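Okay, so the sequence shown: first residue is 0 according to numbering that gives the first Met the number 0, each after it adds one.
Just to be clear, a hint being listed does not mean it is correct.
[To be verified] Below, a list of computed lysine-lysine pairs in the DSS-like style, where the Cα atoms sit at most 27 Å apart:
no., residue 1, residue 2
1, Lys-455, Lys-539
2, Lys-132, Lys-56
3, Lys-105, Lys-531
4, Lys-495, Lys-105
5, Lys-227, Lys-131
6, Lys-133, Lys-227
7, Lys-150, Lys-531
Hints were generated in silico from the structure; no laboratory data involved. These numbers were taken from a predicted model, which means no experiment stands behind them.
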Amino acid sequence: MTRAAMDTFIKSFTIISFLTYGCVSATPVKASTPNIIIMLMDDMGWGDLGVFGQPSKETPNLDKMAAQGMLFPNFYTANPLCSPSRASLLTGRLPVRNGFYTTNGKARNAYTPQEMVGGISSDEILLPRLLKKKGYVSKIVGKWHLGHRPKFLPLEHGFDQWFGAPNCHFGPYNSSKRPNVPVYNNSEMVGRYYEEFQINRKTGESNLTQLYLQEALGFIHQQSLSSKPFFLYWAPDSTHSPVYASQRFLGRSSRGRYGDAVMEIDDSVGQILSWLSTLGIEQNTFVFFTSDNGAAVMSGPNESGSNGPFLCGKETTFEGGMREPAVAWWPGHIPGASAGGGFLSDPPGCKRTVSFQLSSLMDLFSTSLSLAGVSPPNRTLDGLDLTPVLLNSHPNNTSLTDRPIFYYRGNQLMAVRLGPYKAHYWTWSNSLEEFESGINFCPGQEVPGVTTHVQKEHTMQPLIFHLGRDPGEKYPISVLSMEYQTVLRRIAPVVKQHLDSLVPAAPQLNMCDLAAMNWAPAGCEKLGKCLKGPESLPWKCEWPH
């Protein structure tokens with residue numbers, strides 16, 4: 000799409016940046032099968048939002064969303080890497096249960112690059128397929144990342160519509176050795192990154208976020224005219240390296256190019272929420288904003304975000320890798336403050352809402368089913384239904400349950416959180432070889448004996464931290480203390496029960512093959528974009544960290 004065409008589209012909507020509401024009533028408005036929007040960012044850190052303390056305060060729309068909704072400071076992803084976390088969101092199950100892990104090495108992060116043979120298993124039941132039972136129309140906009148071969152694509156797993164790409168926007172590539180990643184409109188490609196869908200690696204300019212915004216607004220408008228509820232999974236990827244932003248946002252942020260991308264995301268969120276209100280469907284639409292994993296701090300300050308006070312980042316099971324920004328918004332149902340006043344000047348009678356419930360990306364699966372009135376599938380689920388917390392029906396908004404958070408890296412349980420305490424059974428940042436070559440998963444945050452460069456086992460004597468007193472995981476509690484012994488007695492049986500009952504799925508991320516890459520996706524013939532790939536020579540994928 001040309002820039003002129005894009006500008007025409009954006010102007011045609013004439014959407015106010017973010018409508019100001021009065022105080023949201025604490026009395027729930029009756030809603031039947033509400034629309035559901037899950038906004039999943041890519042590599043955005045806990046500390047990237049102004050409401051979480053980012054000093055530049057460049058996310059006014061997300062901050063207003065939080066002021067009107069519910070903030071979750073203790074919200075976790077299911078894995079510190081993109082593909083497994085996305086599989087967990089849509090299945091409600093840990094990667095070790097849904098197959099999005101590898102056994103090619105112990106505690107190795109694996110995902111779905113172009114050479115990946117595997118993808119989401121046909122044994123898994125994804126959220127959009129279940130929502131169909133209540134007549135939902137589902138669309139994914141943006142990054143899929145659960146396999147790019149035909150049988151793994153979104154429309155084969157319950158989605159009705161798709162605009163986006165199956166892989167990360169790495170590139171540009173020489174088509175004779177590696178194809179550029181295709182962009183799909185539903186079941187057929189409509190171009191490729193760096194070709195029809197440009198990303199300027201030198202300047203960082205790309206209109207992709209605007210295209211993803213357009214697709215979201217158009218789908219919402221289309222569905223508002225029908226009698227069917229909708230599920231929109233909005234997954235832009237501009238905050239993943241190489242980061243990008245459209246021309247209007249480039250150079251605006253004090254945080255560099257990454258900040259430009261965040262500002263454009265923030266603006267897009269504001270437009271989507273305003274559009275819901277313009278259409279009069281905001282009180283029948285549940286919206287949740289979060290990220291797939293922590294900020295990729297190894298990419299450097301111009302290409303990555305902030306994990307706030309937390310240790311390390313993406314690919315690690317320290318807090319910076321797995322604790323995510325999270326905001327729920329549903330006017331008339333979730334009690335919150337006026338957008339005009341924000342947190343610092345709430346009008347009388349308004350109430351800002353923060354839930355300290357330990358929560359997980361997998362909870363969005365169970366919560367969405369509950370909101371839609373769909374019974375969960377007959378299988379082990381790792382997510383909880385958060386509606387009692389969201390709708391304030393739980394007394395004093397206290398914890399639904401003293402539930403654990405399990406931190407997995409590949410096939411290895413690395414740590415467990417229970418209440419304010421976190422016990423590390425294994426520690427590892429990345430290999431000494433990688434570290435010495437300049438790849439640092441914890442820049443400026445080396446903690447002796449904690450951010451280890453070998454896989455260090457602590458199962459006989461876990462490292463235990465109190466995350467309230469020590470969110471940066473710098474000061475392990477003394478093993479000689481009564482506190483340590485008391486906490487260990489609580490956590491040890493939880494870990495044992497989990498491991499004893501765990502039935503891992505067959506790993507889907509073990510095999511690679513150059514022939515499996517995006518050489519000739521569906522629709523390439525119409526565009527003259529089919530490429531000839533090599534013969535199939537599969538090998539075991541190598542995962543360095």
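Going through the hints against the structure:
This hinted pair checks out: Lys-455 and Lys-539 have alpha carbons roughly 25 Å apart, not beyond 27 Å. For the hint pairing Lys-132 with Lys-56, the CA-to-CA distance comes to about 42 Å; that exceeds 27 Å, so the pair is violated. As the CA atoms of Lys-105 and Lys-531 are separated by approximately 35 Å, the hinted pair breaks the 27 Å bound. Using a Cα cut-off of 27 Å, the hinted pair Lys-495 and Lys-105 holds, with the two alpha carbons roughly 19 Å apart.
For the hint pairing Lys-227 with Lys-131, the CA-to-CA distance comes to about 10 Å; that is within 27 Å, so the pair holds. For the suggested pair Lys-133 and Lys-227, the alpha carbons sit about 9 Å apart, so the restraint of at most 27 Å is met. Between Lys-150 and Lys-531 the CA atoms are separated by roughly 20 Å; this keeps the pair inside 27 Å, and the hint holds.
Of the numbered hints given earlier, the model fails hints 2 and 3; all others are met.
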